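Engineer: Those protein sequences? They're chains Z and R, same order as listed.
Position 124 of the first sequence, counting from 1, maps to 124 under the numbering used here, and the rest follow consecutively.
Each number in the numbering used here corresponds to the 1-based position in the second sequence with 136 added.
Treat the hints loosely; a few may be bogus.
Derived lysine-lysine pairs resembling DSSO-like cross-links, with alpha carbons at most 30 Å apart [said to hold, decoys possible]:
| hint | chain 1 | residue 1 | chain 2 | residue 2 |
| --- | --- | --- | --- | --- |
| 1 | Z | K110 | R | K198 |
| 2 | R | K198 | Z | K119 |
| 3 | R | K198 | Z | K118 |
Over the 10 Å line for every Cβ pair with chain Z, so calculated as not near, a few chain R residues [stated by the list, open to error]:
| hint | residue |
| --- | --- |
| 4 | A140 |
| 5 | A147 |
| 6 | K198 |
| 7 | V200 |
| 8 | S255 |
| 9 | Y259 |
Calculated directly from the structure, the hints in this document are not laboratory data.
Here the structure is a predicted model, which is why all the values come from computation and not from measurement.
Glycine is no exception: its CB is placed at the ideal position from the N, C-alpha and C atoms.
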Amino acid sequence: MEMPIPAVSPGRRRALAIVASLLAIGSAFGLSVGLRRAEARSSRQQPTPEAWLETPTPTSTARVAQGRRLFLGSCAHCHGADAAGDEGPDLHGAEVSDRYIAHIITHGIKGEMPSFAKKLGSPDIADLTAYLRSLE
Amino acid sequence: MHGASVHFPIALVLCSFALDAAGLLFSGLAARRGLHAAGYWTLLVGAAGTVPAVISGLVMTKGVVLGHDALRLHHLFAWPAFALIVGTAAWRSLASGFATRRELAAYLAVVGLAAALVSAAGYWGGEMLLAR
């Protein structure tokens with residue numbers, strides 16, 4: 001049996017239903033923002049130790065500019081146009097090796113990021129690495 | 137967790153719609169009341185079930201609201217379904233039955249849409265699993 005309810009006018013009922021819907025969606029999106037921020041923070045703080053041992057990838061202004069072009073075409077959709085993170089993590093100040101960056105771009109991360117092996121060759125990856133290294 | 141919890145709102149909202157729709161067909165007052173009461177409780181429990189489903193889904197995708205490919209399609213159906221189910225449950229919890237058949241028909245149209253959306257979200261959720 002339905003619960004006995006005190007009389008609520010139809011207009012008020014509709015308004016309360018809309019408020020409930022908006023609250024539900026708002027709460028879900030609020031939780032989403034919190035989770036994404038936590039994820040962006042945690043994914044930045046996992047340095048790969050070989051970063052301190054390897055020879056840095058050669059870089060130049062032209063290479064950084066080309067890397068940015070490639071980034072906007074292939075990566076910005078998930079990492080944001082400024083690489084500060086969107087669906088993917090923030091890439092600023094990543095303490096990971098060039099080899100690690102190349103590996104991730106080439107192989108992707110299962111369930112999180114696709115492989116770009118078919119789209120980006122070694123020179124492209126070097127340009128992207130140069131661009132990522134230019135991010136403060 | 138998400139895979140288990142989503143089945144409650146999907147099943148209960150579909151059942152709620154079917155029970156209330158069946159209430160339209162019966163002329164006996166007792167049968168109608170019984171069907172609408174069952175529709176009422178299945179909707180309320182289904183709406184309560186959307187909360188763990190949404191939270192576990194967000195945790196699983198690390199907060200992604202839309203995503204790509206099948207996940208995007210899943211979300212494009214899931215978010216409107218979530219809003220509609222919560223809103224309809226709130227409306228129904230404040231209503232003491234249906235005043236007219238027209239009100240019931242309008243209510244059924246909204247719950248039917250919510251049931252269709254949540255089913256489509258479930259379909260694309262299943263596609264993500266099968267595509268792996």
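Engineer: So which hints don't hold here, by number, going up?
Structural biologist: Numbers 6 and 7 - these are the hints that the structure violates, sorted from lowest upward.
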